[in-house]
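A.B. asks: Residue-level listing of the chains:
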Amino acid sequence: MKDKIEQRKDISDVVISTRIRFARNIKDYPFPCRMNREQKCRVAAIVKEAALGGHSAISGRFRYIQMSELTQEEAVSLVERHLVSPEFISDREGRGLLLLDDESVSIMINEEDHIRIQVIRPNMDLDGAYDLADKIDTLFDEQLNFAFNDKLGYLTQCPTNIGTGMRASLMLHLPALKESGAMGKISASLAKLGLVIRGMYGEGSDPKGSVYQLSNQVTLGISEKEAISNLHDIAMQLINQERSARQAMAENLAVLDKICRAFGILQYAKLLSNDECMKLLSDLRFGIEIGVFDHIDYDTINHLMIEVQPATLMKNIGKKLTAQERDQIRAEVVRTALMRKQVPASRRLE
Amino acid sequence: MLCQSCEKRQATTHIKTILNGELKEFNLCNECASKLGYGSFFGNFGFDLDKLFGSFLEDHSGERNSKRCSFCGSSFEDIAKSGKIGCAHCYEEFYEDLLPSIRRIHGRTSHTGKLARSAGTEVRIRTEIMRCRSELEKAIKTQEFEKAAELRDRIKELEKSMEEEKSSVRGKEG
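Line order of the protein sequences matches chains A and B. Take the first sequence: its position 206, counted from the start at 1, is 206 in the working numbering, and no numbers get skipped. Numbers in the working numbering are just positions in the second sequence, counted from 1, shifted up by 1000.
Keep in mind that the hints were calculated from the coordinates and are not lab data.
Derived BS3-like pairs: lysine-lysine, alpha-carbon spacing no greater than 30 Å straight-line:
#	chain 1	residue 1	chain 2	residue 2
1	B	K1008	B	K1024
2	B	K1016	B	K1081
3	A	K319	B	K1016
4	A	K27	B	K1016
5	B	K1138	A	K192
6	A	K185	A	K279
7	A	K225	B	K1160
With the hints as constraints, model all of the structure from the sequences given.
C.D. replies: Next comes the structure, spelled out in structure tokens:
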């Protein structure tokens, strides 16, 4: 199996999900940083009507959430599920969220811009995600008067987003590149290409779970399609680098030991902290990626990585939990998910 | 406030993030922020604006300092300090002041890509011409000469209507 790592067609061993985000503003209102509460409520009402009103083709599938009505756990869980930004829940007054029934589209109202349309798709699906975001955007454009300038394109509160207002991102699992210490260098060379890469979970240079987000940085003077194809091409190079690094580590006994220990702990632990759990899930995923295990699929790990997050854990249980209770339930959730996949671990464990 | 990462330099970047189920806020300096992958572009933006602001303070002794956006009331100082633009009209009001920073952030200063319904005729034609040109290039590469000829004619037509549009705008202004 290992000799095929670099030639696999399916790239879901590296790419977890795709995200497209558009930033839009309504011309006749100041940007959110200069709006008072009343103006925020009016903008929220206008956007809500544009999405849910009779003219909208997708109205039946969206629900509107007034952010101020959520509990803290529900709000944080939205961030953990990548549906809204941390900034969005830091002050929830006058903010609204439109959520598609399957949670693949979220529209933040009055975040940094009046409207933030976000489409998330599993695996690599830049074109599919873009097409849907584009359709929703056109729907809003027909009913709202967007802030647009012939020279600068779509106008946004932060000048880093003007032009297309589009941010395209890929969530990538890069354990081998991280392990090899190459991320710093990669990050510096990506910056020169107008892209940025950062850790998805936790702070700092030690992203938990080795999950990274790669996105375009430049939005002015480059069309949406060009930006997407640019991101795609560079992501493919990064994927190849990650796979070569994996290939080089696939025989390393210390690496294999780490992976198998992770599997052991995840199956039998009674308490798992969030940090430990993310690290072990990442190690286990690495094991699947290099062919140590083949009875667990990537979806199981992808779902677990979100499900074990503290607020989402509490939201699913339906009550507040202490840290230790969370660690206990987290261990249970992981154990149950892995138990369902119970097939003797593969030949390499012999 | 000192940077919470190195505890040496002044913090200039404010970051909100979720850590273990709780919303946390961090204050970092430019160096640490960019090391951790946060908004190096934004950091530069703030820095450049400060410098810009400083330089025109010397030149204009506060004359432009008092200029405010007629729609939202933002001054350029407000924008430079917060790194946030007040409203769509600020981009017109402070266009010349913002341009150097915009160029530094994006490397370019002219939009290509999707157009809003409110976009003008001229930019529509310009975008269509650019689209046809790139298709023409492709057609030539793949030796589809008939298609290339059609595209060339279409570009000529578009360029003509662009000229007409420009002169009609000039006529209105005159």
